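Chains as they are written, first to last, in the numbering used here: chain E, 65 to 534; chain W, 4 to 320.
Among the hints, erroneous ones may be present.
What the hints assert, rightly or not - Straight-line distance between alpha carbons at most 20 Å, and here's what the computed PhoX-like set of lysine-lysine pairs gives:
hint, chain 1, residue 1, chain 2, residue 2
1, E, Lys-261, W, Lys-18
2, W, Lys-18, E, Lys-502
3, W, Lys-107, W, Lys-57
4, E, Lys-489, E, Lys-261
5, E, Lys-261, W, Lys-15
6, W, Lys-269, W, Lys-257
7, E, Lys-502, W, Lys-15
8, W, Lys-154, W, Lys-125
9, W, Lys-45, W, Lys-128
10, E, Lys-250, W, Lys-10
11, W, Lys-234, W, Lys-57
12, W, Lys-15, E, Lys-250
13, W, Lys-285, W, Lys-196
14, W, Lys-10, E, Lys-88
Hint data in this document are derived by calculation from the structure and do not stem from the laboratory. Keep in mind it's a predicted model, so treat the numbers as computed, not measured.
Single-letter residue listing:
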Amino acid sequence: MFFNSTTFFVFLSIVFLLYWSLSKNLKTQNILLLISSYIFYGWWDYRFLALIIASTIVDYFVGLQIEKSTEKSKRKKWLLVSLIFNIGLLVFFKYYNFFIESWVDSLSLLGYSIENTWSLKIILPVGISFYTFQTLSYSIDIYKNKISPTKDFISFATFVSFFPQLVAGPIERASNLLPQILNPRKYTYEGLSSGIKLMIFGFFLKLVIADRAAIYVNAVFNNVENHDGLTFIAATIMFSFQIYGDFAGYSLIAIGVAKMFGLNLMTNFKRPYFSASIGEFWNRWHISLSTWFKDYVYIPLGGNRTKKWRWLFNLFITFLISGLWHGSNWTFIVWGALNGLYLIMEVLIFKRKIRTGIFNIIPTFILINFAWIFFRANTLQDAIFIIIKIFTKPGYLYFGYGEDIIAFFYAALAIGLLIFVEIKKEFFNSYFSVFNNKHEIIRLSAYALVIFIIFYLGVFGESQFIYFQF
Amino acid sequence: MINTQLKYTFAKVLKFIVIIFIIDFGLGFIAKELFLSQETGKFARSTYAITKAKENILIFGSSHAHRHYVPEVIEKKTGKTCYNAGADGQQLVYHSALQGMIFKRTLPELIILNIDENFLFKSEKAFDRLDDLNPYYDDYSNELDPVFNLKSKYADPKLFFKAYQNNSTLIQAVRYYLAPQETPQGYRPLFEKMTFDKLTSHREDIQEKEYTEEIDSVFVKTLENFINEAKTNNVKLVFVTSPNLIPRNVSKNKSLTEIKAIAKSKNIPFYNYLNSKDFANKLDLFYDPSHLNDNGARLFTGLLIDSILNDNKKHFN
Numbered sequence: 065m066f067f068n069s070t071t072f073f074v075f076l077s078i079v080f081l082l083y084w085s086l087s088k089n090l091k092t093q094n095i096l097l098l099i100s101s102y103i104f105y106g107w108w109d110y111r112f113l114a115l116i117i118a119s120t121i122v123d124y125f126v127g128l129q130i131e132k133s134t135e136k137s138k139r140k141k142w143l144l145v146s147l148i149f150n151i152g153l154l155v156f157f158k159y160y161n162f163f164i165e166s167w168v169d170s171l172s173l174l175g176y177s178i179e180n181t182w183s184l185k186i187i188l189p190v191g192i193s194f195y196t197f198q199t200l201s202y203s204i205d206i207y208k209n210k211i212s213p214t215k216d217f218i219s220f221a222t223f224v225s226f227f228p229q230l231v232a233g234p235i236e237r238a239s240n241l242l243p244q245i246l247n248p249r250k251y252t253y254e255g256l257s258s259g260i261k262l263m264i265f266g267f268f269l270k271l272v273i274a275d276r277a278a279i280y281v282n283a284v285f286n287n288v289e290n291h292d293g294l295t296f297i298a299a300t301i302m303f304s305f306q307i308y309g310d311f312a313g314y315s316l317i318a319i320g321v322a323k324m325f326g327l328n329l330m331t332n333f334k335r336p337y338f339s340a341s342i343g344e345f346w347n348r349w350h351i352s353l354s355t356w357f358k359d360y361v362y363i364p365l366g367g368n369r370t371k372k373w374r375w376l377f378n379l380f381i382t383f384l385i386s387g388l389w390h391g392s393n394w395t396f397i398v399w400g401a402l403n404g405l406y407l408i409m410e411v412l413i414f415k416r417k418i419r420t421g422i423f424n425i426i427p428t429f430i431l432i433n434f435a436w437i438f439f440r441a442n443t444l445q446d447a448i449f450i451i452i453k454i455f456t457k458p459g460y461l462y463f464g465y466g467e468d469i470i471a472f473f474y475a476a477l478a479i480g481l482l483i484f485v486e487i488k489k490e491f492f493n494s495y496f497s498v499f500n501n502k503h504e505i506i507r508l509s510a511y512a513l514v515i516f517i518i519f520y521l522g523v524f525g526e527s528q529f530i531y532f533q534f
Numbered sequence: 004m005i006n007t008q009l010k011y012t013f014a015k016v017l018k019f020i021v022i023i024f025i026i027d028f029g030l031g032f033i034a035k036e037l038f039l040s041q042e043t044g045k046f047a048r049s050t051y052a053i054t055k056a057k058e059n060i061l062i063f064g065s066s067h068a069h070r071h072y073v074p075e076v077i078e079k080k081t082g083k084t085c086y087n088a089g090a091d092g093q094q095l096v097y098h099s100a101l102q103g104m105i106f107k108r109t110l111p112e113l114i115i116l117n118i119d120e121n122f123l124f125k126s127e128k129a130f131d132r133l134d135d136l137n138p139y140y141d142d143y144s145n146e147l148d149p150v151f152n153l154k155s156k157y158a159d160p161k162l163f164f165k166a167y168q169n170n171s172t173l174i175q176a177v178r179y180y181l182a183p184q185e186t187p188q189g190y191r192p193l194f195e196k197m198t199f200d201k202l203t204s205h206r207e208d209i210q211e212k213e214y215t216e217e218i219d220s221v222f223v224k225t226l227e228n229f230i231n232e233a234k235t236n237n238v239k240l241v242f243v244t245s246p247n248l249i250p251r252n253v254s255k256n257k258s259l260t261e262i263k264a265i266a267k268s269k270n271i272p273f274y275n276y277l278n279s280k281d282f283a284n285k286l287d288l289f290y291d292p293s294h295l296n297d298n299g300a301r302l303f304t305g306l307l308i309d310s311i312l313n314d315n316k317k318h319f320n
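Can you make the complete structure from the sequences, with help from the hints?
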């Protein structure tokens, strides 16, 4: 079920009304949330519900066993069960074919040509990268004595499959979400109101920014041989806003929906394109994933409390794995490696000096955009072709043919709107604000105006969110 | 406590809905006026056909209609007024909706419906492109609902918003204001000629088609309704397939076979120029493999009207 579908709005209204009508009985309320989450997920493909349920049962059981075990070796063995099961699921469904094909390709490069008979027809279950990471963090946190396991299976299953964030995050930690599910929630108008407001902004980002930009971006990146440097620069900049609108939009809708149910999810984006360094960018972009990798990969590898070369290696490996997490394609791995290299260069050149200001924001934006070329290109060859064209043949800027010409200008208009709003929030937040104005009529009119803009300028094709594929 | 919160929520939500309604009504009105103020371009043409056209002869169809039928030629030969209401990329469901909206106000004497090769084949795009008619929804909901509901039995709740009715029309309006489009009586000529070099870039059009597509029963029903509506209102109707540069073996094209059968059973004249020898392989008459240029369009319109006049001497004398 997509957030940007009429079905979702009907679903959300029914679940919302039922949920608060059951507010006197926490257990029934959680059962409703769990069933609703399974319906939400099963709407896409009910067969893959088995994977979520299996992952839930394994980590529920593992969590209790780790807590029960007093010997360190036993606790480790139970943790290994969770790691092998969840990473195994991920590797099989997401990376099996990629590893096989890469192995066959590398053998053929070395002159040993073999026929690939091992590839399988595997459908990637939506959201598998998100919920496996969420359940993994639960078991790891229990192992590290950061949290205690819950004995309430329904609440734990609700934590794993909570529908607003199930398929594309934010990747929640048990320490934040689970206690909220275990304790009674109280209905407040403020919860509903702030939830709806976040959803409105989320839909603006998705329908007006991301889906508009996608029309132009797809036209260029899916036909690279027909375009030149200037067009690739424009399409890459548009993609940077497309992916931001798409993913930050999804996160805002997820956080907003959760608020309607009295639950608070973590912030996932903080206007990342105003970052003055790559390090700062990763503190503002997909925060729930960045902090996950920091806590469960980077720090266990030794973090920065080690020799300098090892610190830099830890940074690089963490981003390489982060790239692989995004998709089973060399383009994502190069994207991750490039970000790792950026951070290494930053450490070597600027040490730990904090940088601010427009003269640092612009170069950071350019570097991030350069890396996005690999993220969006369909193949590594395409990405290299695009980069060569950017530096060797600027050519003419493509606007589209016939009616398609409109797509470019809509995207430019939408991105202009977003930049205006983001600059206001980032640098002039304390000045006149229509969204937090003391006069209710101004506040409500401002939100009504955003709804008008969504319906007037948005794209309504019920298109998929980009991060569903991860 | 909960009751107090609920009452408070209800009051606030109601207030918000009223404000949304006022903003949507006010700005939606401006958006619609901007839309209707267009003087050239595809929306200006559809607006003219729906709200103003009083011509005796109307042309319906996709880009083939829009680019192949020259009203000036038709008017000279028949002595009747003519408007080309063809619309790029549009298919049968759109023509059906257009017919309903036009018939609400006026009845032409003759409709020439240009039949495309894929007219009855399943097509999601045919429904998606109906969005072009959303700006007229407020004034023509009775005519549009039956067509919109062909895809889904549930009405689209988004159409309640005037903002959505006028979705994606802003830049179109600005575009045609800054760069007006020449379309005399709805006809938009193509002036370039086809060359051998250009032909090689149209591989799909050159290759022999296999026609594996399936017929959509919804489209068959829509075509029958289109005919019935014309007959009920005493509007004469003719079907025409316009010429193609490369002759096609259409014996396996289920869509054309079905349309011919329907036309025969309903006594609708069918003029088939698809593989006409007057046009086949004549590069200088085409812009691309399936679109005539202005010279080709004038020749085709002349030949077609001569045939229609010949078959309907009584009507046009």
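- Check each numbered hint against the structure and report the violated ones by number, ascending. When the structure is compared with the hints, none of them turns out to be violated.
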